[in-house]
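Listed in order, the protein sequences are those of chains A and B. Note that the working numbering has the first sequence beginning at 1, numbered continuously upward. Note that the working numbering has the second sequence beginning at 1, numbered continuously upward.
Hints are computed from structural coordinates only; laboratory data are not their basis. Just so you know, these numbers come straight off a predicted model, no measurement behind them. Treat the hints with caution; some may be incorrect.
[Unchecked claim] The calculated lysine-lysine pairs, modelled on DSBU-like cross-linking and capped at a C-alpha distance of 35 Å, are: (1) K242(B) <-> K175(A); (2) K308(B) <-> K175(A); (3) K67(B) <-> K175(A); (4) K174(A) <-> K107(B); (5) K117(A) <-> K107(B); (6) K107(B) <-> K113(A); (7) K160(B) <-> K174(A); (8) K46(A) <-> K308(B); (9) K117(A) <-> K236(B); (10) K174(A) <-> K177(B); (11) K174(A) <-> K117(A); (12) K29(A) <-> K82(B); (13) K29(A) <-> K236(B); (14) K46(A) <-> K5(A); (15) K113(A) <-> K151(B); (16) K54(B) <-> K113(A); (17) K158(B) <-> K87(B); (18) K275(B) <-> K46(A); (19) K174(A) <-> K275(B); (20) K82(B) <-> K46(A); (21) K174(A) <-> K118(B); (22) K67(B) <-> K107(B); (23) K175(A) <-> K177(B); (24) K275(B) <-> K29(A); (25) K175(A) <-> K54(B); (26) K67(B) <-> K113(A); (27) K175(A) <-> K107(B); (28) K87(B) <-> K174(A); (29) K308(B) <-> K16(A); (30) K308(B) <-> K174(A); (31) K177(B) <-> K46(A); (32) K117(A) <-> K118(B); (33) K82(B) <-> K107(B); (34) K242(B) <-> K93(B); (35) K149(A) <-> K151(B); (36) K46(A) <-> K160(B); (37) K275(B) <-> K109(B); (38) K160(B) <-> K113(A).
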Amino acid sequence: MKNLKTLNNTMLVWLKISVFLLALIPLTKLAINAYTDNLGANPIEKITHVTGYWTLSFLLITLTITPLRKLTSWSWLVRLRRMLGLFAFFYACLHFSTYLVLDQFFDWASIVKDIVKRPYITIGCPAFVLLIPLAITSNNRLTKLIGGKRWRLLHRLVYFIAIGGVVHFWWLVKKDITEPLTFAVLLSALLSIRLFYFYAKAKRVN
Amino acid sequence: MTTYKLPPIQPSEITPRDLFYNRRKFMQLAAGASLTALLPQTGFAGEPLAGVTKSTDRLIDELTPLKDITSYNNFYEFGTGKEDPAKNAGSLKTRPWTITVEGEVNKSKVFDMEELLKLAPLEERIYRLRCVEAWSMVIPWVGYSLAALLKQVEPTSKAKFVECISLHDPEQMAGQKSPTLNWPYKEGLRMDEAMHPLTLLAVGLYGEVLPNQNGAPIRVVVPWKYGFKSAKSIVKIRLVEKMPLSSWVEANPQEYGFYSNVNPAVDHARWTQAKERRIGDFLKRPTLPFNGYGEQVAALYAGMDLTKDF
Numbered sequence: 001m002k003n004l005k006t007l008n009n010t011m012l013v014w015l016k017i018s019v020f021l022l023a024l025i026p027l028t029k030l031a032i033n034a035y036t037d038n039l040g041a042n043p044i045e046k047i048t049h050v051t052g053y054w055t056l057s058f059l060l061i062t063l064t065i066t067p068l069r070k071l072t073s074w075s076w077l078v079r080l081r082r083m084l085g086l087f088a089f090f091y092a093c094l095h096f097s098t099y100l101v102l103d104q105f106f107d108w109a110s111i112v113k114d115i116v117k118r119p120y121i122t123i124g125c126p127a128f129v130l131l132i133p134l135a136i137t138s139n140n141r142l143t144k145l146i147g148g149k150r151w152r153l154l155h156r157l158v159y160f161i162a163i164g165g166v167v168h169f170w171w172l173v174k175k176d177i178t179e180p181l182t183f184a185v186l187l188s189a190l191l192s193i194r195l196f197y198f199y200a201k202a203k204r205v206n
Numbered sequence: 001m002t003t004y005k006l007p008p009i010q011p012s013e014i015t016p017r018d019l020f021y022n023r024r025k026f027m028q029l030a031a032g033a034s035l036t037a038l039l040p041q042t043g044f045a046g047e048p049l050a051g052v053t054k055s056t057d058r059l060i061d062e063l064t065p066l067k068d069i070t071s072y073n074n075f076y077e078f079g080t081g082k083e084d085p086a087k088n089a090g091s092l093k094t095r096p097w098t099i100t101v102e103g104e105v106n107k108s109k110v111f112d113m114e115e116l117l118k119l120a121p122l123e124e125r126i127y128r129l130r131c132v133e134a135w136s137m138v139i140p141w142v143g144y145s146l147a148a149l150l151k152q153v154e155p156t157s158k159a160k161f162v163e164c165i166s167l168h169d170p171e172q173m174a175g176q177k178s179p180t181l182n183w184p185y186k187e188g189l190r191m192d193e194a195m196h197p198l199t200l201l202a203v204g205l206y207g208e209v210l211p212n213q214n215g216a217p218i219r220v221v222v223p224w225k226y227g228f229k230s231a232k233s234i235v236k237i238r239l240v241e242k243m244p245l246s247s248w249v250e251a252n253p254q255e256y257g258f259y260s261n262v263n264p265a266v267d268h269a270r271w272t273q274a275k276e277r278r279i280g281d282f283l284k285r286p287t288l289p290f291n292g293y294g295e296q297v298a299a300l301y302a303g304m305d306l307t308k309d310f
């Protein structure tokens with residue numbers, strides 16, 4: 001697999017375009033189903049669930065990049081990370097706007113009540129808000145401006161966001177926790193790998 | 001028996017298109033009824049039910065389309081997704097079917113489905129259905145008051161509650177292979193709630209045999225309570241002295257109470273109950289106390305603290 005360790009620029013561009021198009025598939029499917037009236041009896045609930053599902057999925061995919069890069073030594077993987085993270089933010093925005101516009105229709109009093117009284121929204125709302133600074137500081141100029149060290153520190157927020165997102169899903173579900181449990185197991189694995197590398201590195205330094 | 005008054009007809013009311021369509025459908029059905037009455041009843045979903053008295057009470061609400069009523073269901077026996085029951089309920093065998101009625105009664109009895117269909121005249125009842133998940137529908141059920149069945153077995157003075165038990169057969173109900181709830185599904189009503197004329201024993205909807213995903217072949221419909229109180233695919237009814245433990249109370253007593261009357265003032269932990277989305281609507285509408293049936297049923301709860309007995 002030595003040839004996969006490096007990737008020339010042309011291949012990287014094609015890879016990025018492919019990932020970009022793949023990441024738009026859930027939205028395309030949603031749009032087609034909306035257009036053909038195939039979102040079921042409760043379309044707003046369906047859109048909320050689908051966009052929420054893909055927000056969590058892209059968060060986990062983004063968190064897979066670093067461990068996968070370490071395991072495979074495919075250093076170019078990191079070049080896909082920003083786009084995947086921004087797709088997580090993109091689907092989170094769709095998810096949040098679905099709630100704000102389609103579900104609540106700007107009923108601010110009801111939204112505030114939700115945030116205060118429904119635990120799954122109490123945790124989901126800050127998880128979304130915390131994604132905003134990460135998205136803003138994702139471009140090269142701002143990354144340089146705040147400096148690599150501070151940037152890395154800031155972007156560690158993603159661990160808490162992902163945990164918040166999975167808990168949000170878990171607390172929403174009435175009884176059948178199969179899906180949130182799957183997300184929780186995957187996230188635990190991704191975070192454990194990081195802990196493992198962190199301690200391994202600490203040991204080497206000592 | 002307490003008399004009850006149906007919601008008054010609004011003078012400004014214009015017959016909604018769906019209702020009008022439904023009326024035409026019933027006229028077509030009536031034409032075919034004499035024919036179908038001669039044929040042996042097989043009881044499959046979608047077959048017309050003969051001899052149904054058309055509802056004269058008209059809600060101002062538009063009927064929810066049949067497609068939505070039969071494709072968006074909470075029926076965990078067939079899976080927890082809303083579309084699962086429509087996909088999986090084909091495996092349910094609705095004949096032969098019996099309901100055993102027993103407990104604090106003078107004449108416990110096993111009723112055969114064919115007998116149940118003839119026990120009382122079939123009526124159409126247009127009811128609102130309010131799910132605890134804050135969505136709602138308007139459904140033209142077919143059936144008769146549960147009281148008609150209960151009177152047959154002569155409840156004793158010890159009969160204070162009615163427990164309805166649904167079918168437990170993982171071979172037919174694939175969702176029961178997972179311990180989502182403690183199967184079989186159990187629901188309960190207080191005796192006066194069960195005997196209330198609005199409490200329906202339903203065998204059909206839209207003039208046709210009840211589709212499997214809607215609780216075939218026979219279910220209870222209690223329109224002033226959240227949907228889960230209306231047990232589906234019932235095989236046993238027990239009249240008991242003590243308040244029975246219903247499945248959702250057993251699963252999560254903090255979130256679900258025995259009474260579970262539709263109450264906009266008492267929120268569920270996950271959903272505000274102040275508003276609801278009627279299936280097919282964009283904007284939510286305010287939820288009515290007792291789902292709009294307060295005039296008929298509020299007296300049943302006189303003197304009770306409904307925030308405590310939720």
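Verification of the supplied hints:
no.: 1; hint: K242(B) <-> K175(A); in the structure: 27 Å, holds
no.: 2; hint: K308(B) <-> K175(A); in the structure: 23 Å, holds
no.: 3; hint: K67(B) <-> K175(A); in the structure: 26 Å, holds
no.: 4; hint: K174(A) <-> K107(B); in the structure: 40 Å, violated
no.: 5; hint: K117(A) <-> K107(B); in the structure: 49 Å, violated
no.: 6; hint: K107(B) <-> K113(A); in the structure: 52 Å, violated
no.: 7; hint: K160(B) <-> K174(A); in the structure: 30 Å, holds
no.: 8; hint: K46(A) <-> K308(B); in the structure: 33 Å, holds
no.: 9; hint: K117(A) <-> K236(B); in the structure: 39 Å, violated
no.: 10; hint: K174(A) <-> K177(B); in the structure: 18 Å, holds
no.: 11; hint: K174(A) <-> K117(A); in the structure: 16 Å, holds
no.: 12; hint: K29(A) <-> K82(B); in the structure: 19 Å, holds
no.: 13; hint: K29(A) <-> K236(B); in the structure: 44 Å, violated
no.: 14; hint: K46(A) <-> K5(A); in the structure: 41 Å, violated
no.: 15; hint: K113(A) <-> K151(B); in the structure: 46 Å, violated
no.: 16; hint: K54(B) <-> K113(A); in the structure: 43 Å, violated
no.: 17; hint: K158(B) <-> K87(B); in the structure: 42 Å, violated
no.: 18; hint: K275(B) <-> K46(A); in the structure: 19 Å, holds
no.: 19; hint: K174(A) <-> K275(B); in the structure: 19 Å, holds
no.: 20; hint: K82(B) <-> K46(A); in the structure: 10 Å, holds
no.: 21; hint: K174(A) <-> K118(B); in the structure: 38 Å, violated
no.: 22; hint: K67(B) <-> K107(B); in the structure: 41 Å, violated
no.: 23; hint: K175(A) <-> K177(B); in the structure: 15 Å, holds
no.: 24; hint: K275(B) <-> K29(A); in the structure: 30 Å, holds
no.: 25; hint: K175(A) <-> K54(B); in the structure: 38 Å, violated
no.: 26; hint: K67(B) <-> K113(A); in the structure: 34 Å, holds
no.: 27; hint: K175(A) <-> K107(B); in the structure: 38 Å, violated
no.: 28; hint: K87(B) <-> K174(A); in the structure: 21 Å, holds
no.: 29; hint: K308(B) <-> K16(A); in the structure: 58 Å, violated
no.: 30; hint: K308(B) <-> K174(A); in the structure: 22 Å, holds
no.: 31; hint: K177(B) <-> K46(A); in the structure: 26 Å, holds
no.: 32; hint: K117(A) <-> K118(B); in the structure: 49 Å, violated
no.: 33; hint: K82(B) <-> K107(B); in the structure: 39 Å, violated
no.: 34; hint: K242(B) <-> K93(B); in the structure: 32 Å, holds
no.: 35; hint: K149(A) <-> K151(B); in the structure: 78 Å, violated
no.: 36; hint: K46(A) <-> K160(B); in the structure: 42 Å, violated
no.: 37; hint: K275(B) <-> K109(B); in the structure: 42 Å, violated
no.: 38; hint: K160(B) <-> K113(A); in the structure: 39 Å, violated
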